[in-house]
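J.: For reference, the chains in residue letters:
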Amino acid sequence: MDMAKFEEEVNKLKTLEKDREKYFTSRQEMEMRLTESRNVKAELDLMDSDSKVYKLIGAVLVRQELEEARSTVEKRLEFIESEIKRVESSIADVVKKSTEQREKVMNMQKAFQVLAQQQAAAAQKNKSSLFVSSFRISFMFFL
Amino acid sequence: MAEEPKGVPLSELSLQQLGELQKNCEQELNFFQESFNALKALLTRNEKSISALDDIKVATSGHTALIPLSESLYIRAELSDPTKHMVEIGTGYFVELDREKAKAIFDRKKEHITKQVETVEGILKEKRRTRAYISDAFQTKVQAQLATLSTQQN
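Top to bottom, those sequences are chains A and B. My numbering puts the first residue of the first sequence at 1, with every later residue one more than the last. My numbering puts the first residue of the second sequence at 1001, with every later residue one more than the last.
Treat each hint with caution, since some may be false.
Said to hold, decoys possible - Cβ pair distances, simulated, as ranges: (1) A/ASN126 - B/LEU1146: 33 to 41 Å; (2) B/GLY1062 - A/LYS55: 28 to 36 Å; (3) B/THR1083 - A/ASP45: 19 to 27 Å; (4) B/LEU1053 - A/LYS14: 48 to 56 Å; (5) A/ILE57 - B/LYS1048: 23 to 31 Å; (6) B/ASP1136 - A/GLU68: 53 to 61 Å; (7) A/ASP48 - B/ILE1113: 22 to 30 Å.
What the hints assert, rightly or not - In silico lysine-lysine, DSS-like type, Cα no more than 25 Å apart, as pairs: (8) B/LYS1115 - A/LYS41; (9) A/LYS55 - B/LYS1103; (10) B/LYS1115 - A/LYS52; (11) A/LYS41 - B/LYS1023.
No wet-lab data here; the hints were simulated from the structure. By construction, the Cβ of each residue, glycine as well, lies at the ideal position given by its N, Cα and C atoms.
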């Protein structure tokens, strides 16, 4: 059993879990953006065709055609949706990998425990045989 | 994400597992509490917009008003057309609207947020109940272990 190998596997598991955490946060952020964009889309859809729409660019409000704003938001929605799908597949992948890795680490841990027990048992045996031989020696001296 | 497969009674979990579960529950509770606070803050902001619309109702064009440029800096300005309002609808989009339409937006927003607040409130209640169950089970377990320990000593 190799301790360095075990540590390496544990570190792999840690990296996977960190990745999972990262993907979860980015999915959450994207979902927030998705909801906001959906709300904007809903409001834009309710506007009269002669409504004056402005887009805040830096510190300036720039006039935009309603149709243009609608299609921009529409495109953004599609983009975010595809991004979310991408992150979801990454999450599924990383969850699968980390489950496998966790199993691997647990198996190694179990093997370590078995080994330790065997060693302990062997040590116990050695001790008793040592005791027997020393007993025999002292017995011989006695004679 | 369920830590344990469903249907395992709390009393069968080890102290360590219960502690883990308790931590998870606490984290979730914090998350929802934060969302709840954020939603409440949004609601207050929305309410302010609605009352501002009400305030400006009586204004006619040519009215002068102090317009805040920052929290503590104002400028006296003349309203050229108090019937038109710029409303932010999100992601940097602004729309020029009359009072009724602006009000309609804020009302929709209010309804939307209120619904969310109710959902989160429900989740919070349930999470608190779960937390109580877990800490109950934890306490019972500790008591039981202490009891066996003292009988062993006697």
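J.: Between A/ILE57 and B/LYS1048, does the C-beta distance stay in 23 to 31 Å?
T.: 26 Å, holds
J.: Has the given pair, B/LYS1115 with A/LYS52, been kept, meaning a C-alpha gap of at most 25 Å?
T.: 30 Å, violated
J.: That 33 to 41 Å hint for A/ASN126 and B/LEU1146 (C-beta), does it hold up?
T.: Since A/ASN126 and B/LEU1146 have Cβ atoms about 39 Å apart, the given range 33 to 41 Å holds.
J.: How does the Cβ-Cβ distance of A/ASP48 and B/ILE1113 compare with 22 to 30 Å: does it lie in that range?
T.: At 25 Å between Cβs, range holds.
J.: Can you confirm whether the C-alpha distance between B/LYS1115 and A/LYS41 stays at or below 25 Å?
T.: Distance of about 19 Å is within 25 Å: holds.
J.: Do B/LEU1053 and A/LYS14 keep their Cβ atoms within the hinted range of 48 to 56 Å?
T.: Holds - the Cβ-Cβ distance for B/LEU1053 and A/LYS14, about 53 Å, lies within 48 to 56 Å.
J.: Could you say whether the range 53 to 61 Å given as a hint is met by the Cβ separation of B/ASP1136 and A/GLU68?
T.: Cβ of B/ASP1136 to Cβ of A/GLU68: about 59 Å, so the range 53 to 61 Å holds.
J.: Between A/LYS55 and B/LYS1103, is the straight-line Cα distance small enough, at 25 Å or below?
T.: Judged against 25 Å, a Cα distance of about 21 Å means the pair holds.
J.: Per the hint of 28 to 36 Å, is the separation of the Cβ atoms of B/GLY1062 and A/LYS55 within bounds?
T.: Distance hint for B/GLY1062, A/LYS55 holds at roughly 30 Å.
J.: Take the C-alpha atoms of A/LYS41 and B/LYS1023, compute the straight-line distance between them, and say whether it is at most 25 Å.
T.: 39 Å, violated
J.: Can you let me know if the beta-carbon spacing of B/THR1083 and A/ASP45 is within 19 to 27 Å?
T.: About 24 Å separates the Cβ atoms of B/THR1083 and A/ASP45, which means 19 to 27 Å holds.
In summary, the numbered hints that this structure violates are 10, 11.
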